[in-house]
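Spelled out, the chains give:
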Amino acid sequence: MDPGADGALTGRPQHRPQIGGIRSSFAPWEDPAARPLVRFEGVSKAFGDAQAVKGVDLSIYEREFFALLGPSGCGKTTLMRMLAGFESPDGGRIMLGERDIQADPPHRRPVHMMFQAYALFPHLTVALNIAFGLKRQGLPKAEIAARVAEMLALVKLDGLGQRRPDQLSGGQRQRVALARALAPRPRILLLDEPMAALDKKLREETQFELMSLQQTLGMTFMIVTHDQDEAMVVADRIAVMREGRIVQVGRPAEVYEAPVDRYVAGFIGDVNLFEGKVSAHEGPLLRLQAADGQFDAEGTADVGEQVWLAVRPEKIAVHTEPPADPRNRLAGRILDYGYLGDWTTYLVEIAPGRTIRAARANATRTVDRPLGCDDPVWLTFAPSSAVVLTK
Amino acid sequence: MKRGPSAFNIASVVLGLAFLYAPIVILVVYSFNASRLVTVWGGFSTRWYVALFQDAQMLDAVWVTLRVGILSATFATVVGTLAAVALVRGGFRGRTALAGGVYATLVMPEVILGLSLLLLFVAAGLPRGFWTVTLSHATLTLAYATVVVQARLATFDRHLEEAAQDLGCPPWKAFALVTLPGIAPAVAAAWMLAFTLSLDDLVIASFTSGPGATTLPMRLYSQVRLGVDPKINAVSTLLIGLVATGVIAAYLIQQRRRRAEGAAR
Amino acid sequence: MRRGRSGLAAILPFLWLALFFAFPFVLVAKLSLSETALAMPPYAPRIDWSQGLDGLKAFFAALDGETYARLTKDRLYLDAYLSSLRIAATGTGLLLLIGYPIAYGISRCPPAVRQALVMAVILPFWTSFLIRIYAWIAILKPAGILNGALAALGLPPVDILNTETAVLLGLVYAYLPFMVLPLYAVLERRDESLIEAAQDLGATPLSAFWRVTFPLSLPGAAAGALLCFIPMAGEFVIPDLLGGSDTLMLGRVIWTEFFANRDWPAASAVAIVLLATLVAPILLFERQQAKVLR
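Residue numbers (numbering that gives the first Met the number 0), protein chains in the order written: chain A, 0 to 390; chain B, 0 to 264; chain C, 0 to 293.
Certain hints may be false.
Chain B is faced by these chain A residues, among others (derived, beta-carbon under 8 Å) [said to hold, decoys possible]:
id, residue
1, Pro105
2, His106
3, His111
4, Phe114
5, Ala118
6, His122
7, Gln136
8, Asp165
9, Pro183
10, Ala257
Read the hints as simulated data drawn from the structure, not as lab findings.
Backbone N, C-alpha and C fix where the C-beta goes; we use that ideal spot for every residue, glycine too.
Using the sequences and the accompanying hints, generate a full structural model.
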């Protein structure tokens, strides 16, 4: 029960606006008492002259589905391979629980990997593939058989235990690779671009299956991918990597709606950037002077500081009549559009050579006043819909 | 542009293969020739095969040759596979030197190799005989074995070995359980190649062999100088049959394996 | 982590090659600088280790290049040297001319057939080399099959055996797989879309071949050429069986010196000379292969 604006207890609970609009109770990273399962401390790695990983600090908690996201060459695969043990860091520590596992060879780490190209042993059956790690652990035969059966059921491949990899489809082979890595019950499962070889439909199905599997088993997963949609769908938290460094770590909603810099804003989804200077503070808002116009937005910056205003296309409303409120209003004409079925995107020219992207969900089947090329339109966005970036 | 081979292409291949196989065909045919003479066909006969099996010296030479071949091929394959692993995986200081040594052995004229090996045995005081020939043949065929295994190993998916390590195998065990079965056809092919080369070698055997270890090529060479002996046709046909069967079998096995592995990707 | 391990695998092959391949050359060199004490080993001079460093110095002082002097004085050796190189070069040239169409033809065939054809090319190589050369004798000799066939066609007989022609024929026959395989390996990997691009831009099929396929196949040709030339220069069996007394090749010279004349130092000296000549091509070959390796 919060006090109301006049200080009196009103009895109505106040809701603080929250980014992304999803409420989740799982957030061990916010708990100061929680100990992370995996910790990278100042880890760096160079190959010859090229620095692949530069001083990375990262914590991954138990039962998290963590995503390492970045373009090719950003170092994410190297970081994962260091955790698996196939590369050794030049500097820093890699902690699993309370131990520094740097010196441990891969076959001694309780970390298992699902390889990008699956790497199934062609000379072994599906069952023997899955049992491989269990045999190395020296488990008794009966237990191995039971565990293999359990895994086959889990990945929905019952009855296919005696087949060989070359007799399976691509999707089936992926499940075998997954089952094989999960069977020895690793403390963390690493997935190296698992959806890279799948087509779109299969990819979506697999994403949800992976999430459900992770929840059912209560395991910690770490996925490495360059596909931002994938990371957004499956992950509890995403770490955006660029040129060997972690740029931002946060929930998908945080990374999307509250990027720390222009790189993250541009890497995930589409964004419109307005470059300008802070001209004044207007109450809780900042007034910005940009080449495209004057804008009010929420944020923290000093007067005179150079900033960039990031506005996502779906936050921009498209009007056929000039709206009364002049705040954050731009006039332009439609240069091009894309009809995607569920969304329509508009490319609006507000000045010669300067275009803004706007997007609108097609919430109704029919529209009274349809828009077309060269139509004059007005674009507006709310001050809270824009993010002020200082870098 | 036409996708398939042109008439010229087909003609080249056919003529080339005819050129390669003509002597072999002639040998096989004439091994069944009742007449001694090459220009006269005396009817189908297996008398030369019979005579062959009654020729003690020849049989003895065959026996020696087979033993030398099997042993030297085995040495060559073991050492050659190790060399192939080292060369493909790389990352150690003497790699260029090792590669250099392997390729130099590959192209070295056999007279030079034979002479130098003999001098080694003389300097070491080793009596020439079975073991000197075997070691020499192993040295000769080592490079070929390396090249064959190396070619296969280079295309072998290293992730398979990593997956095995990831699941708990120490590196040597990962190699033995995953990589070795995968390259087994190539190792077998390397063995067969080394065996054939040993079976076939005249020059090095002449330099490094000794009394009691006369190989078949040595025996054949001395006989060839004396004239054409149809028993040679017979023993040749048998050897060709033996090797051809082995090679074709190995090839078929390799094809089957390769298909299985390609699909497991 | 895995890097150091491959070094372990290299130890045995390294030692083997060092002992059985590299070290003996030192012995050959030493022998070439020695005298024939008797027709049997050991040869003077020997290193007298009991005298320590003096013994070593005495050894080097006693080495003499007399054998080499003998080689240069006798015209025969020079002729054999030049003719070996000449025949090896000619043989390599013929192999390129004959092997290239075959390799190219195979690469143009549908994939399923290709493998079988490559096997067919390799298979003779795996059967006895000596025996196949021997078969050529049966074909080429005066009363042989070739002349028999020519007679049947009413043509005059040819006298090829025991001439350089027969030797070249034998060399081409024996080394053909060594030329076809490297060429095929390169030709097979060619990118069809490059040819199509050339034709799209106006090149005729012949021109596309000459300007695109052929230049890209040169590394394979170079590999094949070296793979054939180097051993051919020292070839023994083929010149011996198919060549005449006037076909001089160094392989035969070494053999004759060693087995017939029992002149081990002379054989060694000739071997050293041959080896010295081949060092450059061998290094070239190694450089080429090293590029392929990494």
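Evaluation of the provided hints:
| no. | hint | result |
| --- | --- | --- |
| 1 | Pro105 | holds (5 Å) |
| 2 | His106 | holds (5 Å) |
| 3 | His111 | holds (6 Å) |
| 4 | Phe114 | holds (5 Å) |
| 5 | Ala118 | holds (4 Å) |
| 6 | His122 | holds (5 Å) |
| 7 | Gln136 | holds (6 Å) |
| 8 | Asp165 | holds (3 Å) |
| 9 | Pro183 | holds (7 Å) |
| 10 | Ala257 | violated (36 Å) |
In terms of the numbered hints stated before, the structure departs from hint 10 and from no other.
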